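Please take these sequences and the hints and turn them into a complete structure.
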Amino acid sequence: MQNEKMMVLKMLESGKITTEEASRLLQSVDAGGTVPASTGTASTPPPTPYTAPSPPPTSYSIPSSQQNPNSHSPATPPSPSTPPHSPTGSYSGGSQGRSDAHSILDDMGRRFDAFAKDWEPKLKKATATVAEKIVGGVDRISKSLSDHTPPPQHTYGTPSPYAHKPKPSTTAPGGLTEKNIEMLVEPGYNELNLSGQNGDVRIKGYNSDKITARISYKAKRAGAHIELMKLGNKYFLKYEPDDFEVVMIDAYVPERAFSVIRLDGINAQLDCSTMAADEIAVSNANGNTRLSGLAAGNLKADSSNGRFIVSNIAADSAVLENVNGVMEADELDISKLSLTNYNGPLSLLMSNFARHEEYLWNVETGNAKLNMNLPTLPDLGYHIKAHAAMSEIRLGLTGLQFLIHEPSLVEARSVHFDKSARRVKMAVETSNAPLVIN
Numbered sequence: 046m047q048n049e050k051m052m053v054l055k056m057l058e059s060g061k062i063t064t065e066e067a068s069r070l071l072q073s074v075d076a077g078g079t080v081p082a083s084t085g086t087a088s089t090p091p092p093t094p095y096t097a098p099s100p101p102p103t104s105y106s107i108p109s110s111q112q113n114p115n116s117h118s119p120a121t122p123p124s125p126s127t128p129p130h131s132p133t134g135s136y137s138g139g140s141q142g143r144s145d146a147h148s149i150l151d152d153m154g155r156r157f158d159a160f161a162k163d164w165e166p167k168l169k170k171a172t173a174t175v176a177e178k179i180v181g182g183v184d185r186i187s188k189s190l191s192d193h194t195p196p197p198q199h200t201y202g203t204p205s206p207y208a209h210k211p212k213p214s215t216t217a218p219g220g221l222t223e224k225n226i227e228m229l230v231e232p233g234y235n236e237l238n239l240s241g242q243n244g245d246v247r248i249k250g251y252n253s254d255k256i257t258a259r260i261s262y263k264a265k266r267a268g269a270h271i272e273l274m275k276l277g278n279k280y281f282l283k284y285e286p287d288d289f290e291v292v293m294i295d296a297y298v299p300e301r302a303f304s305v306i307r308l309d310g311i312n313a314q315l316d317c318s319t320m321a322a323d324e325i326a327v328s329n330a331n332g333n334t335r336l337s338g339l340a341a342g343n344l345k346a347d348s349s350n351g352r353f354i355v356s357n358i359a360a361d362s363a364v365l366e367n368v369n370g371v372m373e374a375d376e377l378d379i380s381k382l383s384l385t386n387y388n389g390p391l392s393l394l395m396s397n398f399a400r401h402e403e404y405l406w407n408v409e410t411g412n413a414k415l416n417m418n419l420p421t422l423p424d425l426g427y428h429i430k431a432h433a434a435m436s437e438i439r440l441g442l443t444g445l446q447f448l449i450h451e452p453s454l455v456e457a458r459s460v461h462f463d464k465s466a467r468r469v470k471m472a473v474e475t476s477n478a479p480l481v482i483n
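The sequence shown begins at 46 in this note's numbering and counts up by one.
Please keep in mind that the hints were generated in silico from the structure rather than gathered at the bench.
Predicted model only: the values in this text are computed from it and were never measured.
A hint or two may mislead.
Straight-line distance between alpha carbons at most 27 angstroms, and here's what the computed DSSO-like set of lysine-lysine pairs gives [as the list claims (entries may be wrong)]:
(1) 224 - 279
(2) 414 - 381
(3) 464 - 381
(4) 279 - 345
(5) 249 - 263
(6) 249 - 345
(7) 249 - 279
(8) 224 - 263
(9) 430 - 470
(10) 283 - 265
(11) 430 - 345
(12) 50 - 61
(13) 224 - 283
(14) 249 - 224
(15) 255 - 224
(16) 283 - 255
(17) 255 - 275
(18) 255 - 345
(19) 430 - 381
(20) 263 - 283
(21) 249 - 283
(22) 430 - 464
(23) 345 - 414
(24) 345 - 283
(25) 381 - 345
(26) 279 - 255
(27) 224 - 275
(28) 279 - 263
(29) 430 - 414
(30) 470 - 414
(31) 275 - 249
Label pairs and their in silico Cβ distance ranges [as the list claims (entries may be wrong)]:
(32) 444 - 251: 38 to 46 angstroms
(33) 422 - 448: 18 to 26 angstroms
(34) 267 - 362: 41 to 49 angstroms
(35) 267 - 52: 52 to 60 angstroms
(36) 342 - 267: 38 to 46 angstroms
Every residue, glycine too, gets a C-beta built ideally from N, C-alpha and C.
As structure tokens, then:
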């Protein structure tokens with residue numbers, strides 16, 4: 046009898062008979078009959094299948110007790126996707142068929158329960174794996190700092206306790222998200238490190254003790270995190286560059302609160318003004334760069350593939366370099382200066398040398414014109430060595446005595462150079478283009 050019942054169930058499962066036929070056959074077997082040999086083709090078309098409703102989607106979220114209350118925009122981890130081959134129940138037959146085939150459904154229910162029990166540990170393992178990946182991703186982000194990594198005894202990823210809660214993030218034109226941030230800068234030795242990509246980076250000093258910034262960004266993935274952080278005495282914008290298409294910075298910064306300032310941009314328009322620090326380092330690629338109103342003990346800035354404008358700079362020493370773009374410099378009151386532009390013209394305008402007694406300058410261009418306008422003052426003396434490879438030199442300053450005077454090589458010295466209160470020693474060189482000093 047059991048074999049015949051199994052035969053009926055197998056025929057039902059393979060679709061050879063309908064539910065009603067299976068019910069009649071099972072009743073016949075229970076009554077002592079046998080399964081007819083000719084059974085196997087449904088005499089009537091099967092009724093419309095009934096599909097059990099899918100269970101509601103499962104979502105995962107971090108409990109509020111685990112979220113950092115100081116975080117500006119806590120990232121919500123993505124919901125793990127439904128595991129492959131998720132169990133679903135379906136069977137055929139109308140309401141009458143379901144009533145007649147109660148025993149068959151019980152058997153199917155038992156098999157489903159067994160399947161679910163077998164799947165449960167797999168589901169738990171999959172959930173644990175997703176959670177592990179989320180936690181691992183957060184750890185990688187929190188440990189990815191700038192090149193100037195603080196000592197390891199600090200706790201990474203902790204926002205400044207002085208960070209004010211920002212206004213809700215808003216959507217800006219171009220699909221960018223904007224985040225407004227304020228952070229108090231404590232007195233003492235401090236460092237600032239800000240970097241942007243594929244957008245404007247604007248840093249302006251002002252008379253305050255707070256950083257007030259608007260960060261505009263476009264992330265490549267959900268949950269990508271960007272935040273202005275304070276770690277010890279270091280203030281920096283922390284994010285993974287690979288997670289973002291655009292990061293733009295528009296910040297007002299206390300003009301004299303930082304001993305070290307580092308700014309970076311790529312494919313960006315970078316503008317820094319009215320800042321003072323012991324050390325300022327700026328690097329920008331594939332965009333225009335403008336530095337103005339800066340005061341530093343040591344200034345280093347490099348730019349490429351864009352216009353580089355430097356004006357009203359006061360420093361003890363500076364290295365300023367540009368490649369593949371126009372370079373414009375004026376009012377650089379710098380004691381030791383290296384000013385270089387490759388594959389682009391350079392123009393320099395000075396009205397005075399006021400801060401130092403001795404100036405030692407090296408000015409150079411490659412494959413482009415070099416034009417300089419220098420002041421002639423009673424207490425200012427020059428010693429100039431100029432070389433123009435494959436071109437000519439035009440030196441129009443007054444009060445000079447020529448030591449060497451050739452078309453492409455000149456050395457000249459002010460008559461009163463040794464008695465001058467301020468002395469400028471300058472080495473100037475260009476190639477394949479004129480060199481003009483007026």
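Against the structure, the hints come out as follows:
Under the criterion of a C-alpha separation no larger than 27 angstroms, the hint pairing residue 224 with residue 279 is consistent with the structure, at around 21 angstroms. Proposed proximity of residue 414 and residue 381 is supported: the alpha carbons are some 23 angstroms apart, at most 27 angstroms. For the proposed pair residue 464 and residue 381, the alpha carbon gap of about 21 angstroms is at most 27 angstroms, so the pair holds. Restraint check: the Cα-Cα separation between residue 279 and residue 345 comes to about 20 angstroms, which is no more than 27 angstroms; the hinted pair holds.
A threshold of 27 angstroms between alpha carbons decides the hint, and for residue 249 with residue 263 the separation of about 23 angstroms falls inside it, so the pair holds. For the given pair, residue 249 sits about 18 angstroms from residue 345 by alpha-carbon distance, which is consistent with the 27 angstroms threshold. A C-alpha spacing of about 18 angstroms is found between residue 249 and residue 279, which places the hinted pair at or below 27 angstroms, so the restraint holds. Proximity of residue 224 to residue 263 is assessed by CA-CA distance (about 11 angstroms); at most 27 angstroms being required, the pair is judged to hold.
The straight-line distance between the Cα atoms of residue 430 and residue 470 is roughly 8 angstroms, inside the 27 angstroms bound, and the hint therefore holds. Distance restraint check for residue 283 and residue 265: the Cα-Cα separation of roughly 16 angstroms lies within the 27 angstroms cut-off, and the hinted pair is therefore satisfied. For the hint linking residue 430 to residue 345, the alpha-carbon distance of about 24 angstroms falls within 27 angstroms, and the restraint holds. With a C-alpha separation of about 15 angstroms, the suggested pairing of residue 50 with residue 61 holds against the 27 angstroms cut-off.
With a CA separation close to 14 angstroms, the supplied pair residue 224 and residue 283 stays within the 27 angstroms bound. Between residue 249 and residue 224, the direct Cα distance comes to roughly 18 angstroms. Compliance with the 27 angstroms bound is thereby established for this hinted pair. Distance hint between residue 255 and residue 224 is fulfilled; the C-alpha atoms sit about 16 angstroms from each other, no more than 27 angstroms. Between residue 283 and residue 255, the direct Cα distance comes to roughly 18 angstroms. Compliance with the 27 angstroms bound is thereby established for this hinted pair.
The suggested pairing of residue 255 with residue 275 holds, with an alpha-carbon distance near 12 angstroms, which does not exceed 27 angstroms. For a cut-off of 27 angstroms, the pair hint linking residue 255 to residue 345 stands: about 25 angstroms separates their Cα positions. Between the alpha carbons of residue 430 and residue 381 the distance comes to roughly 16 angstroms, so the proposed pair stays at or under 27 angstroms and holds. For the suggested pair residue 263 and residue 283, the alpha carbons sit about 15 angstroms apart, so the restraint of at most 27 angstroms is met.
For the hint pairing residue 249 with residue 283, the CA-to-CA distance comes to about 20 angstroms; that is within 27 angstroms, so the pair holds. Among the hinted pairs, residue 430 with residue 464 is consistent with the structure: their alpha-carbon atoms are about 20 angstroms apart, no more than 27 angstroms. With a CA separation close to 23 angstroms, the supplied pair residue 345 and residue 414 stays within the 27 angstroms bound. Restraint check for residue 345 and residue 283: satisfied, since their Cα atoms lie roughly 23 angstroms apart, inside the 27 angstroms limit.
Restraint check for residue 381 and residue 345: satisfied, since their Cα atoms lie roughly 12 angstroms apart, inside the 27 angstroms limit. Our distance criterion of 27 angstroms between C-alpha atoms is met by residue 279 and residue 255, whose separation comes to about 14 angstroms. Between residue 224 and residue 275 the alpha-carbon distance is near 17 angstroms, which keeps this suggested pair within the 27 angstroms criterion. Proposed proximity of residue 279 and residue 263 is supported: the alpha carbons are some 25 angstroms apart, at most 27 angstroms.
Proximity of residue 430 to residue 414 is assessed by CA-CA distance (about 17 angstroms); at most 27 angstroms being required, the pair is judged to hold. Distance hint between residue 470 and residue 414 is fulfilled; the C-alpha atoms sit about 21 angstroms from each other, no more than 27 angstroms. With a C-alpha separation of about 19 angstroms, the suggested pair residue 275 and residue 249 falls inside the 27 angstroms cut-off, and the hint holds. Against the hinted window of 38 to 46 angstroms, the Cβ-Cβ separation of residue 444 and residue 251 comes to about 43 angstroms, which satisfies the hint.
A hinted range of 18 to 26 angstroms for the beta carbons of residue 422 and residue 448 is consistent with their spacing of about 22 angstroms. Taken as a hint, the range 41 to 49 angstroms holds for the pair residue 267 and residue 362, whose Cβ atoms sit roughly 46 angstroms apart. Take residue 267 and residue 52: their Cβ atoms lie about 53 angstroms apart, and the range 52 to 60 angstroms holds. Roughly 44 angstroms separates the CB atoms of residue 342 and residue 267, a value that falls within the hinted 38 to 46 angstroms.
Violated hints: none; the structure is consistent with every hint.
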